[in-house]
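Enquirer: Now for the letters of each chain:
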Amino acid sequence: DIVMTQTPLSSPVTLGQPASISCRSSQSLVHSDGNAYLSWLQQRPGQPPRLLIYKISNRFSGVPDRFSGSGAGTDFTLKISRVEAEDVGVYYCMQATQFPWTFGQGTKVEIK
Amino acid sequence: QVQLVQSGAEVKKPGASVKVSCKASGYTFTNYYVSWVRQAPGQGLEWMGWISPYNDNTNYAQKLQGRVTMTTDTSTSTAYMELRSLRSDDTAVYYCARVAYCSGGNCHGDYWGQGTLVTVSS
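Residue numbers (our numbering), protein chains in the order written: chain E, 1 to 112; chain F, 113 to 234.
Mixed in with the good hints there might be a few duds.
Covered, in the sense of this in silico footprint (three residues per stretch, anywhere, with C-beta under 8 angstroms from a C-beta of chain F), are these stretches of chain E [unchecked claim]:
no.: 1; stretch: 41-55
no.: 2; stretch: 63-76
Pulled from the structure, derived: some chain F residues nowhere near chain E, Cβ distances all over 10 angstroms [unchecked claim]:
no.: 3; residue: K124
no.: 4; residue: A128
no.: 5; residue: S129
no.: 6; residue: K135
no.: 7; residue: T183
no.: 8; residue: H220
no.: 9; residue: Q226
Rather than coming from a laboratory, the hints here were simulated on the basis of the structure. Where a beta carbon is used, it is the ideal one built from N, C-alpha and C, also for glycine.
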């Protein structure tokens, strides 16, 4: 199985400041079709996961443009340009290039 | 709008079975796989498997093979996940998710249910 490793595991951020989360995969996530099936999920406290980003950098419907994804191969990043109070929660990267789907351990974003 | 509404919390004894439902609305049920993901208390996300409501094609995580069965009822647009021989480490919140299809296959869960807490305790 592909192992997904996120850093940091905790990220205290000041409101209005940027935040960045890294995700590294144990193998390249480039599929034979040329796409990399790396997505980012947000889980607010007490809520189900919510899709933010898919295929590295595509924002899902309704996701604010302060969220952006980038990367290639085995290294990926989620950036929040200006953290708002509603962004508090745990963020997970997930790969679907290779069966089975696997998730990172999660990164907790909290307000300083 | 797309919605996935799951059944309520369950408490089961070790060795018992549980069946969780996930009722879909707002889209054509047979056009999308449904995946199941679980989350133990305070832990991360674990993919369990998926099912196609169109042809009942399934794929299960290897560690759950033999204990999990996923089914669908297209007449009610409902997906089900049954887990047997429950153990204490099966205590978790179980989520269903609609699976988006990309050119390379099933590529991410785009809409998620609210979750169902299953507690296994003697």
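Enquirer: Once the closest CB in chain E is found, is it more than 10 angstroms from S129(F)?
Expert: The claim holds: S129(F) sits with its nearest Cβ about 23 angstroms from chain E, beyond 10 angstroms.
Enquirer: Is the nearest CB of chain E more than 10 angstroms from the CB of K135(F)?
Expert: holds (15 angstroms)
Enquirer: Report holds if the minimum CB distance from H220(F) to chain E is greater than 10 angstroms, and violated otherwise.
Expert: About 4 angstroms separates H220(F) from the closest Cβ of chain E, which leaves it inside 10 angstroms; violated.
Enquirer: Run the C-beta distances from T183(F) to all of chain E and say if the shortest one exceeds 10 angstroms.
Expert: holds (20 angstroms)
Enquirer: Verify that the Cβ of K124(F) lies farther than 10 angstroms from every Cβ atom of chain E, and report whether the claim holds or is violated.
Expert: Per Cβ check, K124(F) is outside 10 angstroms of chain E; nearest 21 angstroms; holds.
Enquirer: Checking C-beta pairs, does the stretch 41-55 of chain E have three or more residues closer than 8 angstroms to chain F?
Expert: holds (count 7)
Enquirer: Would you assess whether A128(F), listed as outside the interface, keeps its beta-carbon beyond 10 angstroms of every beta-carbon in chain E?
Expert: Given a closest Cβ separation of 25 angstroms, the condition holds.
Enquirer: Verify that the Cβ of Q226(F) lies farther than 10 angstroms from every Cβ atom of chain E, and report whether the claim holds or is violated.
Expert: violated (6 angstroms)
Enquirer: How does the coverage statement for the stretch 63-76 of chain E fare against chain F, requiring three or more residues with Cβ below 8 angstroms from a Cβ of that chain?
Expert: Per the Cβ count (0), the hint is violated.
The structure is inconsistent with the numbered hints 2, 8, 9, although it conforms to all the rest.
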